[in-house]
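2 protein chains.
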Amino acid sequence: MSKDSEDSYVVTPWNVSGRIDYSKLIKKFGLSRIDDKILKRIENSCGDLHFLLKRKMFIAHRDLGSILDGYEKGEKFFLYTGRGPSENLHLGHLVPMMFTKWLQEKFDTFLFIQMTDDEKFLFKNNLSLDQIRKYTYDNIADIMALGFDVEKTFFIVDTEIIKELYPIALAIAKKINFSNVKAVFGMTNESNIGQIFYTALQSVPAVLPSVWAGKNIPCLIPHGIDQDPHFRISRDVLPRLGFLKPASIQAMMIPSLKQDGKMSASDPDSAIFLSDSPKDVKRKIARAFTGGRESADLQRKLGGIPDYCTVFNYYKFLFAPDDDELLDIRKRCLKGKILCGEDKLLLVEKINSFLSDHRKKKEAAAKFIDKVVLTDKNICEAKEKIRNFFSN
Amino acid sequence: MSKDSEDSYVVTPWNVSGRIDYSKLIKKFGLSRIDDKILKRIENSCGDLHFLLKRKMFIAHRDLGSILDGYEKGEKFFLYTGRGPSENLHLGHLVPMMFTKWLQEKFDTFLFIQMTDDEKFLFKNNLSLDQIRKYTYDNIADIMALGFDVEKTFFIVDTEIIKELYPIALAIAKKINFSNVKAVFGMTNESNIGQIFYTALQSVPAVLPSVWAGKNIPCLIPHGIDQDPHFRISRDVLPRLGFLKPASIQAMMIPSLKQDGKMSASDPDSAIFLSDSPKDVKRKIARAFTGGRESADLQRKLGGIPDYCTVFNYYKFLFAPDDDELLDIRKRCLKGKILCGEDKLLLVEKINSFLSDHRKKKEAAAKFIDKVVLTDKNICEAKEKIRNFFSN
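Respectively, the protein sequence lines represent chains D and X.
End of the first sequence = 395 in the working numbering, gap-free, step of one.
End of the second sequence = 395 in the working numbering, gap-free, step of one.
Be careful, since some hints might not be right.
Any copy will do: because identical chains look the same in the list, a pair fits if it lies in one copy or spans two.
Pairs of lysine-lysine, DSS-like flavour, derived with a Cα cap of 27 angstroms [to be verified]:
no.: 1; residue 1: 334; residue 2: 282
no.: 2; residue 1: 218; residue 2: 137
no.: 3; residue 1: 31; residue 2: 248
no.: 4; residue 1: 166; residue 2: 370
no.: 5; residue 1: 347; residue 2: 388
no.: 6; residue 1: 386; residue 2: 285
no.: 7; residue 1: 155; residue 2: 285
no.: 8; residue 1: 137; residue 2: 178
Simulated from the structure, these hints should not be mistaken for lab results.
Owing to the predicted nature of the structure, the values given are computational and were not obtained by experimental measurement.
Can you build the whole structure from these sequences, using the hints too?
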């Protein structure tokens with residue numbers, strides 16, 4: 004478990020709260036920082052650097068160097084990320100997905116996105132599998148609206164292709180005991196036996212293409228840092244089954260609109276949902292926590308504090324990808340030349356324009372869902388594609 | 004767990020050893036004895052009584068009375084039993100299957116036989132899923148050789164139709180916590196997370212026909228008493244999901260050829276396997292533990308002790324279904340008129356004749372396997388059959 008009695012924050016796959024001290028967390032999890040050296044290597048391979056890398060939204064990694072070593076020698080790898088479909092998506096969910104899309108384009112490779120409907124059923128008390136199924140397919144449409152390559156993207160809905168996943172999950176589960184999940188996730192005697200078993204399923208996509216291709220294919224997992232415990236387990240167990248350790252690149256949690264914690268579907272006012280109306284957006288941003296001063300006068304005099312501002316975070320992580328634009332916003336804020344009210348109005352406009360555009364793209368993406376969601380019907384074809392792509 | 008520090012025996016689904024005190028075990032498990040009253044009711048419903056009932060091989064039950072109540076009022080129920088396919092079958096495995104076949108015929112109903120390949124993989128260290136798959140289909144052929152109704156018998160191979168089972172298993176798993184499986188099965192911190200989860204799968208067939216038919220159908224589970232812990236869990240959890248408690252009728256463990264314990268695939272000399280050659284059979288029976296005296300003279304004088312004799316057990320539970328025949332063997336033994344050597348020779352003959360006949364039937368049964376094993380291909384038809392049969 005990642006709860007630290009000395010710290011005022013909690014980071015587990017099912018609970019993130021408090022102001023996270025990332026330096027401490029990186030040390031505790033045993034991660035490597037995204038440093039200038041690795042950024043330079045990514046830039047060399049990709050031609051440029053995504054702004055989320057430069058801005059350290061993706062803050063840490065495991066073995067990204069090995070993935071780049073292989074890539075530089077012409078070795079292919081695949082990408083794997085995921086989503087727990089227990090609610091509509093909010094803007095925070097899109098940020099790492101957008102970065103993942105950039106990785107897929109730059110490295111021109113396959114991406115598997117696991118939709119952990121089983122997990123959400125086991126960990127959420129008030130949701131039926133039918134309700135989760137609705138969120139699953141709605142979330143997939145939102146994700147596909149970002150423009151993922153329909154020829155190289157597959158969604159793994161756990162209950163949909165469990166027949167493919169289960170035998171591999173059994174082999175993984177056989178190598179994990181209750182003490183392990185107690186230590187890593189803080190499972191207790193009161194945890195249900197589905198929750199205890201579940202982590203085995205989250206390791207499967209890291210090796211599924213290798214099983215299909217009949218050879219080891221390196222895997223890179225872009226994910227939120229809260230999911231690291233699952234992949235610590237993967238990295239421990241998979242080599243004992245003859246597979247490679249998956250590498251990862253880990254994002255900070257997107258900060259909430261409130262003072263602390265991450266955006267959370269369980270607190271609707273903490274985030275902008277993709278389904279929010281222009282009015283909702285206006286209301287939520289109006290109430291958002293900022294780095295502003297007690298009065299307009301004081302702010303004009305002292306300037307704002309963009310580093311503690313949820314409004315500035317939206318620019319930093321989503322709406323001002325251009326570095327000059329971001330620097331300009333920052334400077335004007337620091338100098339007291341723009342007040343929180345104006346800044347919020349501009350952001351509301353940007354968000355509503357984005358959401359309106361997104362909804363159109365989502366509608367258009369609906370026709371690709373049958374193609375990208377793995378089912379009994381299309382799985383043979385998918386396997387063939389993977390085998391061919393990774394055969395050389 | 005069923006290990007009792009005062010007792011010298013252990014009974015769990017994965018370990019049975021020692022000389023079992025069934026009176027104590029029935030009390031500890033909270034079972035009802037098969038008594039004359041319930042035997043009379045079975046006889047009334049079935050026209051006669053199977054010799055394994057009269058001889059108390061089936062020794063205990065849960066709620067069998069309710070099943071008979073319903074049946075007497077014209078309410079249908081279904082049968083569910085199972086097999087863990089980690090080895091070739093031995094004669095002891097056939098005994099409860101033969102009784103189950105009798106139940107199916109007398110009550111003219113559907114039977115589901117679960118082949119728990121996932122369980123065996125999780126609990127056996129040295130077996131791959133591929134090896135277990137071979138045993139699974141070989142065991143199914145052996146079971147079908149007994150002549151089960153091919154129109155009303157379905158085999159559930161867990162990994163084969165896991166897509167049907169998994170969502171139901173998740174709902175069940177959500178109601179069971181680690182404390183429960185610790186208390187019921189003796190799971191420990193060292194148990195692997197697949198073992199901890201597995202019991203959820205064993206509850207599923209008890210409700211699968213109800214899920215398919217969209218209405219509650221009573222279930223009767225004939226099984227070895229060692230499996231009772233799984234069904235205690237089923238009876239606790241299923242009503243909380245809106246299903247009926249499954250009823251059960253429970254067999255004693257078939258005694259080993261050795262002095263203590265049950266026949267066990269892990270000790271090849273403790274049982275006669277269906278694949279044993281006539282020579283194997285002769286050797287094993289020659290070495291079998293009997294209720295004989297120290298010398299032939301003494302035995303002629305004092306008589307043997309059939310109640311502590313593995314050879315007599317074979318007559319009692321398998322090869323002397325006729326009560327007069329069994330009584331005759333018993334009397335001659337008690338009076339010292341037949342010695343162990345002669346008795347063994349007669350038994351060897353009976354066993355070898357049975358095995359030779361069985362192998363022919365097994366070969367003939369092979370052509371039904373595709374029909375009776377549920378797969379993605381035939382499951383729709385099976386569901387339709389179940390719906391129709393239980394619709395009135």
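Discussion item. Checking each numbered hint in turn, tell me which of them this model violates, lowest number first.
Written reply: Violated: hints 1, 5, 6, 7.
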